[in-house]
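Asks: If you want the building blocks of each chain, they are given just below.
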Amino acid sequence: MSGSTTTNELAKHRGYTYRLTRRQFLVASSAAALAACGPAATPSGAPATTSAAATAGKPLKLGILLPFTKVYAELGNSMKRSADLYIKSKGGKFANRTVPAPIYEDEANDPQVGLQKTQKFIDQDQVDVMLGIVATPIAYAIRNVVDSAKLIFIETNAGGNALTRTTTDCKPACKSKYIFRSSFSSWQISNPIGEYLASKKGVKEAFTFVSDYGFGTESQADFTAGLTKGGGKVTGTLKAPLGNNDFLPFVTQLKAQPTKDIYSFFSGTDAIGYIKAWNQLGLSAAGYKMNGAGFLTEQDVLKEVKEQAVGAITSLFWAVTLDNPENKAFTDLYQKEYNLLPDVFAVQQWDGMRAVDEALQKLGGDTSDKDRFIRALEDTSFKSPRGDFAFDKDTHNPIQDMYIREVKVVGGQAVNVISDKIARVQDPGK
Amino acid sequence: MIDVRDLRRSFGGVTALDGVTLAVAEGERRAIIGPNGAGKTTLFNILTGELAPTGGTVRLAGEDVTGRRTFELARRGLARMYQRNELFDPLTARENVALALTAKAGPYRFGGIPADEARAADELLERVGLAGAGATPARALSHGQRRQLELAVALATAPRVLLLDEPTAGMSPAETARIVELIASLARSLTLLVVEHDMDVVFRLADRITVLHEGKVIADGTPAQVRGDTLVNEVYLGKVIGVEGAPPPRTPR
Amino acid sequence: MSPELAFLQALNGISFGALLFILAAGLSLIFGMMDVVNLAHGAFYMLGAYVALSVVRTTGSFWVALVAVPLALGALGLVVEPLLLRRLRGRHLDQVLITVGVALVITDLIRLKPDWGAEVRTLPPPDALAGSIAILGNDYPVYRLFVIAFGVTLALSLAALHRRSRAGALIRAGVDDAQMLSALGVDTDRLFAVTYATGAALAGLAGVVAAPVLGLQPGMDVEALVLSLIVVVVGGLGTLGGAQVGAALVGPADTFGKVFVPQFALFFIFAIMALVLLLRPSGLLGRIRVIR
Amino acid sequence: MSRIGGLRPHVGGLRPPAPGFVALGLGALALVTFPYWSRDWESSRYATTVLRDILVFAILALSLDLLMGYVGLPSLGHAAFFGAGAYAAAIASQRLETEALFVTLPAGVLVATALALGIGLFAVRASGIFFLMLTLAFAQMVFSFAFQATDITGGSNGFAGVRRPDLFGISFSAAEELYVLVAVSFLATAFVLWRITRSPYGRTLVAIRENERRMRALGYDTSAIKLSAFALAGALAGLAGALSAYSLRFVSANDAGIGTSITVFVMVLIGGAGTLAGPAVGAAVVILIERVLNSYIPFSQTVLGVVFVVFVLAARQGVVGAARTAWARARG
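First to last, the protein sequences are chains A, B, C and D. Reading the first sequence from the start, the letters are residues 0 to 429 in numbering that gives the first Met the number 0. Reading the second sequence from the start, the letters are residues 0 to 252 in numbering that gives the first Met the number 0. Reading the third sequence from the start, the letters are residues 0 to 291 in numbering that gives the first Met the number 0. Reading the fourth sequence from the start, the letters are residues 0 to 331 in numbering that gives the first Met the number 0.
Okay, chain A solo, but in the shape it has when bound (with noise of 0.2 angstroms):
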């Protein structure tokens, strides 16, 4: 190992200099300048501005955000699909709008990269209505963007109570006249469940031991209040890092504390490392009982745990094994399309697109007002996959049925069954 380098190898090459003629600063710069403009050079599709006369006829643009890359392109492959297929099922027109294809861009799960692609859809491809979003600081970002640019903008998945909430100056996000969710807020899938184990259940004490972000937080002290409402205690909280690498040092504690009822909120790749260390470390047999959001065990966990997660209690708006026609229609239709199962993100991302369907019904594809667009997509209600769907009239956030589940093994794969169901559950936002 050779004592430390005196020069530097970086820089030891020909034609290597650092000084800069005049001539070399004004060609780079104009260079800059001039390379950054090739986009605003091409000429791009729809004409600058709407004419204010009716948009009947005239294609209805659509933006959609999702992540492609990182650690959620699962979720937005499954988003994209549903999209694309609700487009398909409707022979391509809303109302008497012809719907090309819509612009997918990627949220590549940075802030950063979601504010560039909606600032593009905004400025560059000025679309009319925009859909999307996964993960809720990309939300969060974009929410002043959206509206002060007075773009439509229905979030399906990213469930942060604040983007459909009231808060003080607007930190970290407040809701927006522009803005309604076909997905769900974490007050939603975490409170009622706290309600329900506490009266329903007889569950009089809990832990809490949930993924240490935004979302998590939020949905501990829903619980939390949902199971003191209902009569219970918690008598202790954990964390975990988003991303953790080692569960065992948690869950190690977990079985080091007397209360059996444990609740949790993780999704994807923490879900599936919290639910192998709890199988690992044997805390069922302990007498230990699994608790959480329904994000817990959804099928993209569940496919890799598979009967591992036996027991566990989760609350959610939907489960694939939810008997109502419209969710055996879809989920036929989907299985038939890509011979897939759809998990939950397809059906939030199929009433996203649905709601703009039914309002463009209402106006009659009239598309032109911007607020006679909105009360038309606060009006509206259907019956979706997950049963009845409307949105709240001043939050904008979903007022839909919880259904609680527990995994079981059902001819031989494991699967959430619906064990109970609390209806018109309403988020408490004003």
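Among the clues, some could well be false.
[To be verified] Label-pair restraints from in silico Cβ distances:
1) B:Arg-138 to C:Arg-163: 39 to 49 angstroms
2) A:Lys-392 to C:Asp-114: 38 to 48 angstroms
3) B:Gly-131 to C:Ala-158: 53 to 63 angstroms
4) D:Tyr-295 to C:Gly-184: 51 to 61 angstroms
5) C:Ala-129 to A:Ser-147: 52 to 62 angstroms
6) C:Ser-53 to A:Lys-420: 16 to 26 angstroms
7) B:Thr-56 to C:Glu-3: 49 to 59 angstroms
8) A:Lys-392 to D:Thr-97: 30 to 40 angstroms
9) B:Gly-105 to D:Gly-19: 28 to 38 angstroms
10) C:Pro-81 to B:Thr-56: 26 to 36 angstroms
11) B:Arg-138 to C:Val-78: 34 to 44 angstroms
12) A:Val-416 to C:Gly-136: 51 to 61 angstroms
[To be verified] Quick look at which bits of chain A chain D covers, simulated, 3 or more residues with Cβ under 8 angstroms:
13) 110-118
14) 270-282
[To be verified] Derived SDA-like pairs (lysine to any residue); straight-line CA-CA distance at most 25 angstroms:
15) A:Lys-420 to A:Asn-338
16) C:Lys-112 to D:Val-309
17) A:Lys-170 to C:Gln-262
18) A:Lys-170 to D:Val-309
Calculated from the structure, these hints are not laboratory results. Virtual Cβ for every residue (Gly too), placed ideally from N, Cα, C.
Please arrange chains B, C and D on chain A, whose structure you already have, making use of the hints.
Replies: Structure of chains B, C and D alone, referenced to chain A:
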């Protein structure tokens, strides 16, 4: 000027310096000779602060500078001419010298490069016989010219003590003669410490000679005394004549 | 904290330490021998895990993957080194930069490959190691004990290769003076290619062994690279022993960080690194002489 | 033989404005007023945003180039100071309830500088690859702190609602005015670095890159000088971070993440380390690949990886370096 007392240094098990004591008066020209592995380079590295001693003290003009870092010693007037050329290759000869000249002014100057600096650098280049070569990059100079530039850079810091690490290594006889004359012509106020294998150069330059062997001083005196010393002949002169120009010891890693 | 709980957490720490060593071995070998930080190490690890997934899917055997994957990654290393790194012999920093490019390409291609893609997956451990056994009356995953055993054997065998074998000495010498070595008739090009290939194979091996614990998902490459870097930096650069010592310290320390300071668990591991560097600027066993 | 690396010591004071300077001035003016003279293009606003982000990253790349190209310290953790600058500006405007540019911008720069001094103390004593690894590890430390310190930085939710600044009545909340602020900052940064690289300080940095041992033997405290360059680069990165926070009105932990560090490293290398125009060109090329190309092909990251490998192998001095060599050879 330089006062070294009982200097020790070992690398793991190997003892490179085993209690060296040495005193060099101001203006004196001291040569240090000894077979390979005698500890000459280790001594130099300690004197220039690149290596910390494991024992003993070093005093420079009365001040205890043991363990001081290289740049602190340099600022106290101790300059070094390296055995292998240590120059700023892409910079011009003038710039190499200018960097040494302005070392005292400190690096944090953000204005333009002062005009007089170029003139002072050219004067020094002339002194070492590189008059016209001011604008040539150091990497483009011949080996001999680079040694002359090495000397110019060392002198540019206006040192009180100049350490010369085998200044004639790898030089042709003609180049050796020129560099030795240059060194000989240096001001007598400048204290010199030379490590050299070529005995003609040693006897030409040195007022006194110290002989190192296996990390210890085995003889210390005028050239005549050392030449006559039986122990030195047996240990050193006897062996070296047989092995002329042995490769220099590698700096310990 | 009861002694029983302390013991269990210590066991968790040791098994995580063993995991970190397995992760870092490939990076440490390449750095120790070739003076190159292989920033594609995380990408090789990820590729190893996904290849293992395919092998387990087709052959149904974890053990086949344990042998096949390192060979596959070794072959990749035998292609990458001569094709890209050899051209930059002596320019160590450029060799490091090349590996950044390689990492960017590999991780993107994994995402694009149809049946790998970006889905969240896990590599099931072999049935023999899947269960749990009772230790002090508590269930403990057998696989984590296997990881400890595997890590220790890997450490011992690499140390033996490194110190006693002729190849180890030749490689170390090659880094310092490739010309002198080739003058002695040693084919340095083949030597460096084999070294890089071994490093890549070790990364692949880590992919197979660590995947059942750390899981397979986009971003696992960066996580593996950063963890390996911390282990190598803490342990000290230039020596293989560094990685062993580094992992032995960082593993348990990180686990106890998760126990006592969970809200800053991510941050804690770096605090350890900073503390070690404060005391020993070139790492615990580092031989790089940091400027005085 | 083409002029290599020599610092042509120009006699003090600027010569009368040669045609080059006039052209340079016009070019700069065109750059600053881009949104106004391109207003009637279809996607002028989108192009303005892209160009604004290119200029923000150009400032960041220039600051890294000071380290990589001049002092020879390749840092793979430079995003730590970019993120620190962004967070500091955002938090300052929130906690102090002010949009004043002369409060939030210096806050960003100062916090980034302080962080650079802190990390620099550890890092500058190492060199080459060990330095690279240290900066990478310390940047991850900053990332994980930003990701977990929810009550300070907003944690994984990021910091939303950053208020755009104003200065003595001029409000920069409109996209055009903010663009001008970014463009002016870029030109100022380029000018400052152009001055620094031609000053004795700049020459000292280059000499340290060439032969740090010799510089210590001449009496230069090279560790302190490297630390000063590291802090200066950190300050400029903090400036870029603050501008990014204003532009996007949002700061996330990824701004200090390894992805940003690698991106800006690739920009400097592709553009041309050790040149001033290089980082700006590199920023344009990489952002165009990452952002514009990304909308058309799914494997844009692979393209970036391949382009990067080609440049390391074949055109190590980057676009501007290669152009300059060709230009010098053409002039004979």
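Asks: Are the hints correct? Go through all of them and say.
Replies: Hints versus structure:
Remark: the range hint 39 to 49 angstroms for Arg-138 of chain B to Arg-163 of chain C is upheld by a beta-carbon distance near 43 angstroms. A hinted range of 38 to 48 angstroms for the beta carbons of Lys-392 of chain A and Asp-114 of chain C is consistent with their spacing of about 46 angstroms. One distance hint, 53 to 63 angstroms for the beta-carbon pair Gly-131 of chain B and Ala-158 of chain C, holds here, with the actual separation near 60 angstroms. Between Tyr-295 of chain D and Gly-184 of chain C the C-beta distance comes to about 53 angstroms, which sits within the given range of 51 to 61 angstroms.
Under the hint 52 to 62 angstroms, the C-beta atoms of Ala-129 of chain C and Ser-147 of chain A, about 54 angstroms apart, fit the expected range. The hinted window of 16 to 26 angstroms between Ser-53 of chain C and Lys-420 of chain A is violated, with their beta carbons roughly 42 angstroms apart. Remark: the range hint 49 to 59 angstroms for Thr-56 of chain B to Glu-3 of chain C is upheld by a beta-carbon distance near 58 angstroms. Checked against the hint of 30 to 40 angstroms, the C-beta distance between Lys-392 of chain A and Thr-97 of chain D comes to roughly 37 angstroms, which is consistent with it.
For the pair Gly-105 of chain B and Gly-19 of chain D, the beta carbons lie near 33 angstroms from each other, so the given range of 28 to 38 angstroms is met. Under the hint 26 to 36 angstroms, the C-beta atoms of Pro-81 of chain C and Thr-56 of chain B, about 54 angstroms apart, miss the expected range. In this structure the hint that Arg-138 of chain B and Val-78 of chain C lie 34 to 44 angstroms apart at CB holds, the actual value being about 36 angstroms. A beta carbon spacing of about 34 angstroms between Val-416 of chain A and Gly-136 of chain C contradicts the range 51 to 61 angstroms that was offered as a hint.
Only residues whose C-beta sits within less than 8 angstroms of a C-beta in chain D count toward coverage, and the segment 110-118 of chain A has 5 of them, enough to reach three; the restraint holds. Counting residues of the segment 270-282 of chain A whose C-beta sits closer than 8 angstroms to any C-beta of chain D gives 0, which falls short of three, so the coverage hint is violated. In summary, the hint linking Lys-420 of chain A to Asn-338 of chain A is not supported, as the alpha carbons are separated by about 29 angstroms, beyond the 25 angstroms threshold. The straight-line distance between the Cα atoms of Lys-112 of chain C and Val-309 of chain D is roughly 24 angstroms, inside the 25 angstroms bound, and the hint therefore holds.
Only pairs whose Cα atoms come within 25 angstroms are accepted, and Lys-170 of chain A paired with Gln-262 of chain C is accepted, the gap being roughly 22 angstroms. Between Lys-170 of chain A and Val-309 of chain D, the direct Cα distance comes to roughly 45 angstroms. Violation of the 25 angstroms bound is thereby established for this hinted pair.
The structure fails to meet hints 6, 10, 12, 14, 15 and 18 from the earlier list, while all remaining hints are met.
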